[in-house]
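Asks: Sequence:
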Amino acid sequence: FKEGDWAKVTSPHGEITVPVAHMAALNQNTVWTWNAIGKRKGAWALDNDAPEATEGFLLNHIIHELLPPRGDGLRWSNSDPITGQAAWFDLRVRVEKTTAPQESQPAHPPQKSPVGPAPDVVKRKVGA
Numbered sequence: 007f008k009e010g011d012w013a014k015v016t017s018p019h020g021e022i023t024v025p026v027a028h029m030a031a032l033n034q035n036t037v038w039t040w041n042a043i044g045k046r047k048g049a050w051a052l053d054n055d056a057p058e059a060t061e062g063f064l065l066n067h068i069i070h071e072l073l074p075p076r077g078d079g080l081r082w083s084n085s086d087p088i089t090g091q092a093a094w095f096d097l098r099v100r101v102e103k104t105t106a107p108q109e110s111q112p113a114h115p116p117q118k119s120p121v122g123p124a125p126d127v128v129k130r131k132v133g134a
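Under the numbering used here, the first residue of the sequence shown is numbered 7, with each subsequent residue one higher.
Hints are not guaranteed to be accurate.
[Stated by the list, open to error] Okay, the calculated beta carbon distance ranges per label pair: (1) A31 with A51: 27 to 37 Å; (2) A31 with D78: 38 to 48 Å; (3) N35 with G133: 51 to 61 Å; (4) F7 with R46: 19 to 29 Å.
[Said to hold, decoys possible] List of simulated lysine to aspartate or glutamate pairs, EDC-like, C-alpha gap at most 16 Å: (5) K45 with E109; (6) K8 with E71; (7) K47 with E109; (8) K45 with E61; (9) K103 with D11; (10) K14 with E102; (11) K118 with E102; (12) K47 with E58; (13) K118 with D55; (14) K14 with E61; (15) K45 with E58; (16) K103 with E21; (17) K14 with E109; (18) K103 with E9; (19) K47 with E61; (20) K118 with D53.
These aren't lab readings, by the way, just hints derived from the structure by calculation. As the structure is a computational prediction, the values presented were derived from the model and not from experiment. The beta-carbon is built from N, C-alpha and C at its ideal position, and this holds for glycine as well.
Generate coordinates for the entire structure from the input sequences, incorporating the hints supplied.
Replies: Following this line, the structure appears as structure tokens:
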């Protein structure tokens, strides 16, 4: 992989197609991402073509909410016991180079924002 490539990342639960960047500080068998860099179109009053909506992604699509069944039949939450965040730190995935899609996958239709779009220019008046 090189900067600008795209990868299909697959787990037993699902797959995502995402842009690739190199991180020299990692073990060669580790996949790493910034936390929460993906935003659904319409969320946070972002434009539909904002990079967070077109190139950003979340790992939720490849992480199952429950751990595999235990011997007693119970299934525990696949989450950090302190923060409740999804337990992505031990997820095993297959990473394959793929052609660049129009935007990261899966892509979802825009959600309706409870606030209007942000202005193109923000003006601030100081004093009276």
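Asks: Hint check: K47 vs E58, CA-CA at most 16 Å. Holds or violated?
Replies: 8 Å, holds
Asks: Hint check: K47 vs E109, CA-CA at most 16 Å. Holds or violated?
Replies: Roughly 12 Å separates the two Cα atoms, so the pair holds.
Asks: Check the hint pairing K45 with E109 against an upper bound of 16 Å on the C-alpha distance.
Replies: 12 Å, holds
Asks: Does the beta carbon distance between F7 and R46 stay inside 19 to 29 Å, or does it fall outside?
Replies: 26 Å, holds
Asks: Sort out whether E102 lies within 16 Å of K14, counting only the CA atoms.
Replies: Distance of about 5 Å is within 16 Å: holds.
Asks: Tell me if the straight-line CA distance from K118 to E102 falls inside 16 Å.
Replies: Given that 16 Å is the threshold and the Cα spacing comes to 34 Å, the pair is violated.
Asks: Decide if the proposed pair is consistent with the structure: K103 and E21, CA atoms, cutoff 16 Å inclusive.
Replies: Distance ~13 Å between K103 and E21 Cα, so the pair holds.
Asks: Does K45 pair with E58 here, judged by a C-alpha cut-off of 16 Å?
Replies: 5 Å, holds
Asks: If you check the beta carbons of N35 and G133, does the distance land in 51 to 61 Å?
Replies: 58 Å, holds
Asks: Please work out if K118 and D55 have their alpha carbons no farther apart than 16 Å.
Replies: 15 Å, holds
Asks: Would you mind confirming whether the straight-line C-alpha gap from K45 to E61 stays at or under 16 Å?
Replies: 9 Å, holds
Asks: Tell me if the straight-line CA distance from K8 to E71 falls inside 16 Å.
Replies: 32 Å, violated
In this structure, the hints that do not hold are numbers 6 and 11, in rising order.
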